[in-house]
Amino acid sequence: MSKKLRNIIIFSLIGLILIAIGIYSLVAYLNYEGYRKTMEAAIATVLMLK
Amino acid sequence: MPLKIGKKMILRGASILTAAVVVGGLIVGDTLVKNNESNLNSILCPPIVHQDSLVVSRETGQKMAQQIVEEGAVLLKNNGTLPLKANNDKVNIFGWASIDWAYGANSSSCSGRVMAEDSKRESLVDIYDALTNYGIKYNADLKDMYTRYANPYVYALKDPGSVNNDAVITLHEPEISDKNYYSDALLADAEAYSDTAIVVITRNAGEDIPADRAMRKAGKNYVNESNKIYLDLSIEEEHLLKYVGETFDKVVVLVNSPAAMDLSFLNTIPGIGAALQVGFTGTHGASAIPELLYGEKNPSGHLVDTYTYDRSLSFAYRAKNAANFTGSGLSDKKFFEYIENIYVGYRWYETADATYYWEDYERTLLDEDDKETLVKGYDAVVQYPFGYGLSYTDFEYKLEDSYFTKKGEEISDVDVEGEYHIKLKVTNTGDRKGKDVAQVYLEAPYHKFQIEKSAKALVAYEKTIELEPGKSEILDIEIQISDCLSYDCYDLNNNGHTGYELDKGEYKFHLGKNSHQDIEMTNSENEKVKGVLSFEVPTTINVMKDKYTNNDVDNLFTGDDAIDGYPIDAVEDNYEPEYISRAEFPDVEEFNGTKSREASSKLKDVYFFDQAKGDAWDNATTDKFGDPVFDETVVWGKENNMRITEDGKVTALGYELGEDYDNPKWEELLEQVTVDEVTNTINKSYGTPAVNSVGKPALNEVDGPAQIKCYYQQPPRGTGYPSAVVIAQTWNKDLAEDFGLSFAMDMNSVSINGLWGWGCNLHRTPVGGRNWEYFSEDPYMSGKTLAGAVRGLLKGGRYSYIKHFCMNESEASKKEGFTFTTEQALRECYFKPFQMGIQEGGAVGIMTSFNRIGAVYSGGSEAAITGVARKEWGFKGAIITDWADQGGSYMSIDQQFRAGGDLGMNTSLNGYSGAKFSYNANATPRVQHQMKEVMHHVLFSWLRCQYLNKQYNENPDSKTKVVQTGSIESYKWYKTVLVDVNILLGGGALIFLLLAFIPVKEKKVKGE
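Residue numbers (our numbering), protein chains in the order written: chain A, 4 to 53; chain L, 3 to 1010.
Simulated from the structure, these hints should not be mistaken for lab results. Values in this document were obtained by computation on a predicted structure and should not be read as measured data. Keep in mind that the hints are not guaranteed to be accurate.
To be verified - Cross-link-like lysine-lysine pairs, in silico, DSS-like; alpha carbons within 25 Å at most:
#1 L:K606 to L:K817
#2 L:K597 to L:K230
#3 L:K974 to A:K40
#4 A:K6 to L:K9
With the rest of the complex left out, here is chain L (with noise of 0.2 Å):
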């Protein structure tokens, strides 16, 4: 009997299909919802912002920046030309980069950029803004045609979205024989205007732009040179020089980039008078470039990175591209060796000058007349040393006292846990004021084939105030002894220690003008002698134990017995990279990069996180360094009646629990912590969600180092501050602070409590697409500036992730690239900022690297994480994965969470591919107790810069007080509006059924 499908069936099948097609979008919509919350929090309900606050911080900021190019601005030649007189009020302004400022790194990218405050052009300052506020005037003629050859792409007013990464390093330069652009009549009157020409050379990078990239240029009739990079000279800039340079008395190059580039020019085109590196200066740090170039300020700036004639003289250059792993298993990926080993950036240089390297180099290049000049050595090779810097007057230097202390007291010799004292009085002996620098290199002893030593490298360094003509100022400069330590991983000196040594021999202090060049002083008998001082150590001294923590150090990372599987220098049976010694430095332009190998079994079993490894470490009874892990029984959601905050202010328990870490009260304070506020806090991407239990409130947290700004960049934003390199280049610590105490402002203005910055990797290479947003070449320089800007940024009451640990020095291929380096390098150079960040600035946060540490994920190095971080650096604070989804599922926060760390960003726990674990209360008590410090961690990073900003602004000394505002969530208007209309159309499928099932009686019609 065939089936009847009646009308009524086919209504009530209908009903019930679009019934449950409403509840399945519903399902789909809310889950999306509920994945997205953070980006939709961050879009469509920003954190409230204070407006009254902010336009204080933004004052300040402002003025800051404007400090920080008065004093990171480095003179780099001079013949005189500046500064220039108060009566030379026009000038012409050439270079087509004039008109499109760098006011920071550009990229699409969210990290770092600089944006206008406002999104108003009207609040960037570029260098005609800034010549024009200053009463000058300029040649709007050239202005105008610059403009008509290509308009400026103005980034600071972009969307991350809107920029191209190809275009922001694409050049633009009319040709100056081109009678299209510089036709004789703008020629003829730009040399009617003015005898001075200012000429603006910028190179702009970014996140994920490498600046080696082949030089792109783009306008009319441009010659094609693709042979070059970025950072060289393009030829139509030569030109252009070369006609300024012929035509105008005064010649100024401004170089408004922080990048190290080629700068040959500036000694083999005749008639540049001077010039000066501004870096990026921020939205409003140009404002200072009038008041350096007119005098009213004097430059006191140094570089912190080396200027060479030929940037490929280096091995760390040489060795700057990743190889691929060839055969089965790995060849997708790719390695970096850092083969220069300690010897990165001067320390190269320097120490191969000390081996007569470079005896056989030459260069013509001219002298101060503008004549040539054959030059050999060293001084063909390196342009602009570290540390160089001119100023407009001079200084004379004499050595007060010299001695050793340890813990406030007078020692007759050297202690490791100690410190040497050089008292400098500097006397400013020209006839304008200025500030100088002090800085301190030391030579250590070095005996061939032994441990690896640097010629030089900077352990101290200070700046005087500024000096009127005739004044001076007695400095008292701190070396650490700790700083003087040579790591010996391999026990090179065949003493039986690997580990931190001072090998015996003679130690030099040289106090420098800058890493090459010693000053003159003038010694207790009134005789003019070298800077140099030196003390000797007979018999070497081993260091077993932090000096800040009093904790064991050795080798993690180092042979067979690597915490993470496989060495740090990926030295194998089969396989060596060939790192450089001293003993005998091989021929650089003989090697021509890391050559490709096969991944060994050994590496290809320790390379990734799977379920295994993630259950055995679980399970285990000791951890990976030895000591037992954690058995007990963990308790969750116990309520003990302690609160860290009561009506949004920190309670006296907050500020008792954020002074000390290991106050027991901290234990009953966790019990009140439920597993689903721990898993949240792990999952949640922009900050840490409010953890009610113990009254902790939702914290936001985003990136730019250089600026602070509310979601997806949008406005307001906080300062746009010059970039790190310049800040660096002040070499001024107490600004460094200063400056971290104004970001803090900011930050509390638009409602940030955590800063992802600042990034302290090196500049390995000149052409590291973030070098703008590190501080510099050296690690001593880095640490000691982003020390105190960390310290700054605390006592304002925020907390920064100091990035990228570690060793992610290179924008290509840093996406899981393997990194391999000796463990005495990674030390001595690539950890040794986070160190003093940690240590000496008291960083409460890290986030680990896209790359890979050796061969394990960066966030899953258990040897750097729990093994140097939290063991022997004593970190307390949070740490975080960089940004999960750029580098695929390798970067997991399962793996990081069993190496120590505590949070992901945007990735979540069981996230990775294939892997499932439980984060419960049946999860084994590891586990479970390290989700409690997860919590500990994250609670003590906010509690300790809230004790430390009471502290703070309780201080009578303190120059500035920063009273927290605190943040106010914005009503989450979506989530209201995603509950009704779950209620509207959950009801509505309902009432549909309904009416499609409840049998209704039909009226029956008379007569019927």
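Isolated chain A (complex conformation) (with noise of 0.2 Å):
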């Protein structure tokens, strides 16, 4: 194998990883504040009637 095909997919490799990391984090944010903003649609205030 060249150097220079080498280099290619070791870049790639890394390429890959850093995209596969912001894709995981980015899904799994958005996935909780979907969580966060049903239940904070759930959400009522304590109310006092004393």
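Take the two lone chains and join them into the complex the hints point to.
Here it is, written out as structure tokens:
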């Protein structure tokens, strides 16, 4: 294998890793935000009717 | 031929090694994070707090705390000194303790501390703040001097980790003759400043700090008094009180402690005009003290413990220390023997008095005019009886009516499932408005050498509304006849029955000022008579069923066939503890504590849990109660399209299931649950995880009976409430319920669903380190207050684990301590508050204790958990262990699971050393069914409080409406980071290997 090809593979892998990290983090965060917004929509404020 | 190791080979070897280290590190790191997920969540990602709700709940809570002190503070002594006049607007405050006010208990353990809600000093109210806010000035020079003597610790601002348990119970009090502090000028100025002196005496304690530790002191020029215990008065305090008593016209002692400390000095040191016990006041409750001192409010609190001149004149106190087992096998274990039997607290002092036990006792005390008087008998032993409390006004009583009822209808004779009503008219005949308490004590018929009976036992109480002078209220006092039964575990009356009985003879109800004195009342003929009513039971009535559940009740802990394999009373062929009997009480002064003894082979056989015991349980065909065990196929993970919440809201199905534990829809719902969901639920601490298959959200649970806090006690926190003792001292059941509701609002605001509280163990002795967070020495008072608080909490949509089930009365030797008593005492005294909390309060959670019930770990007691709580009392909720790493491996969730419990706290399935069990679809049907039951209990606990909250909110009579805010889990960012790190380092390791192993053709250099 040529050095050039090896470097292409290595840098592609690094790129893939970074993309995976980015996508995973984004999906995890958006997933949480979805949950939070759903919960907040269901939240009522404590009412004091004394 | 020698092996040639080339440069490339070394490089590759190093690469493999590095990659292996990285991957190994990741595995270890991931495992560590997984195992500590609960703790990490607690520290890094606590639930989202609702600030708006927090403002409202704190405001409500602070008012509630103040009201509790208003009604719970007990006026112990008053020769007319109180109330202070309004123009008495300057006071001297003495006592170093005044600058280090006790808001709550303290220790390095987490349980029960009270801390400033937002960690700021400004959010705490001590005696100085309270007086200042009330417009009263104090002598600042005295305060400065105390601060110069020793800086206050202000534990309410300290993290638990920074609390030194020894320091908590260290007294600081400058000696009055030490002119470096009490200079002549300072004292002369104090006399000139005001004729009023308030002396603050504080005693603290807390989890893991027994209050019978030798007296410790710090500061300068103090006298070492390690022969005394912490609850005694120090010589420096005594000298201060003598000086103050001699010097100032008006002397008021504030007892800033809920512990029944030695208050003999109130009757031996002249010049003390008044004393008010305020307990621990929480963060804001001290604001009520000036209102009480100046008469804006009238004290209406009554003691819930007996205060004696000599605490050693009780068998419980003398038997408070655990003894060691001797011989091989159990020599590192300790055991308690509750030889006082049912005679705990006032039951001992009153019953002994009924047998003329105290006749030869005498003591010289000061009378109301401070003249020395020789007092004899009971009065020389008991300073303040249980139920004692003074007022600024007087009350008169008229008996309006008394009658039996059953199911709301008046009946002519006693019925064990019925009630007895006393209609008592209470009139305020003084010139100040105030509240009064009607107390009813049962005197059951005692037949010598038969069933043990206390001469007095609290069976009912009612508090009036605030009565203006001349105004009256007719109280309807209801006595449950079921509270008048005795538990005859040995068939001592030879009627062929072991269990609850209404023994034959005359039953008297004493309407008491306290446990010792009856009130005087006017009867229907307008005669002045003693407040005693009676009825006759001609023939003993055996009671075979529980009144609430109609389930069978019989001995489960006594004799050779005790369910847990060893009798609770430890009676064996060659050994019998010396339980006292009213037939002939022995000389208490000759009893010098529990003696060591050798553990029998029978005891050694049962005390531990192991693989064989677990396997036997798993494969049994009948349970220990003789009932067949579940043997059908268990369905897991089936989709029946049932959800208890949708979009964050409880569904109609959820409410329906919360209404009825036995609703047939439960079975279908539980079919959806997976094995992993159950095991994750059992293993999680600080709450229960989401159960996605049925739509259960993650629920958060924390400790803190006096204050709800976020994890690790970090702010924001709910209101710091007065200690449980002060709540009980209000004798106000409605207030206890309002307290529970207020507590729920706090929990609501900080996103906590479940409370590890409240404690309802008894004040078996005055030196229990956690007495302050348990309600009383009396089971009925403890149960009533607990039931009220729990009812309030459930209405607010929150649940609690009442604790510590059972017999966790001592901080010393509590871990793994074998605890023996009679089944009669166990049921009438130690089980009773739990039973009332469950049956009257509707509690849906129980926490087991560190100690053993008899010989078996409390969490592993099938007799207590399945036999009593679930079968007899009908308990449907979840049962959790206490903090399992505190006591070593004996606190096994595997064992508790098989005893009928549910959740581990800081422990996990198969965490018990050596034993491994199956918790999956291959386990026996009994195990799988029990796993389903765990989920059933956990889901029901939450849905029950959701249902009760909905009912409460929809009730037009509800005075407060609590709409739940729900809990929102924080973003678990560290988990994302962890995955990212895994990808990054794992990928990096792969690249590293590729670099080392992919052969690269070197470019030929021109000319080579």
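A quick look at each hint next to the structure:
no.	hint	result
1	L:K606 to L:K817	17 Å, holds
2	L:K597 to L:K230	23 Å, holds
3	L:K974 to A:K40	16 Å, holds
4	A:K6 to L:K9	19 Å, holds
In terms of the numbered hints stated before, the structure departs from none.
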